[in-house]
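The numbers in UniProt numbering rise by one with no breaks, and the one at position 1 of the sequence shown is 1.
Hints listed in this document are in silico derivations from the structure and should not be mistaken for laboratory results.
Careful, some of the hints might be misleading.
[Stated by the list, open to error] Below, a list of computed lysine-lysine pairs in the BS3-like style, where the Cα atoms sit at most 30 Å apart:
(1) K146 - K166
(2) K104 - K42
(3) K185 - K146
(4) K161 - K183
In this text the structure is predicted, and so the values were computed from the model without any measurement.
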Amino acid sequence: MDTSKVHGNVKPFRCPGYKQESSPSFSPDACRCPHWHHLALKFGCAGLILLLLSLIGLSVLVRFLVQKPPIEKCSVAAQENRTELTGRSAILECPRYWHPHWNKCLFVSQISRPWAEGRDACSMEDAILLLIENKEELRFVQNLIKGKEQLFFIGLKYVQKEEIWKWIDGSILNPNLLRITGKDKENSCAIISHTEVFSDSCSSDNHWICQKTLIHV
1 MDTSKVHGNV KPFRCPGYKQ ESSPSFSPDA CRCPHWHHLA LKFGCAGLIL
51 LLLSLIGLSV LVRFLVQKPP IEKCSVAAQE NRTELTGRSA ILECPRYWHP
101 HWNKCLFVSQ ISRPWAEGRD ACSMEDAILL LIENKEELRF VQNLIKGKEQ
151 LFFIGLKYVQ KEEIWKWIDG SILNPNLLRI TGKDKENSCA IISHTEVFSD
201 SCSSDNHWIC QKTLIHV
């Protein structure tokens, strides 16, 4: 028997209703995400960025609030220091019968003595004869003794050897500060009125003006 003919006449056996399925085919867009997926991704990224910025802003705010109390404490401390300084200034007073002026207390004597005795009287009060430092102080002193007929020794004396006027602290008189009326001679001391400064004998009897530094009381 010719087997090739037998095989050639054999037809494939198919079950009734069977339909051969073709291999699945995929379109090029089958793997692409829908359009709304892209929108959702964009909005999600934007939301994350906004959330991150919000967290950063919140952390900055928290840090500011945490640091604010110390700043307020510093402000309160500064205010307390100012109050303390003001309080200290308030207790800087002059003794009775002394007149305050800047950082000085001035005393105008009620009796007259020679210059050396006036100097010693000031020393007994832990003070010295007046040193006039500027024109403003000169005006203050002259207003202080305004209306008084007496003349007052101050801490200014003529030094014959050097032919200059010197204050008792050793400093030289600035001629632009005071113009002394009278002769410059040995044993001359300066006396002041409410209008002028004169040269007078240190042995003459005059009132005097003392000065001392403001003290805590």
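Checked hints:
1. K146 - K166: holds, 25 Å
2. K104 - K42: violated, 80 Å
3. K185 - K146: Given that 30 Å is the threshold and the Cα spacing comes to 28 Å, the pair holds.
4. K161 - K183: holds, 15 Å
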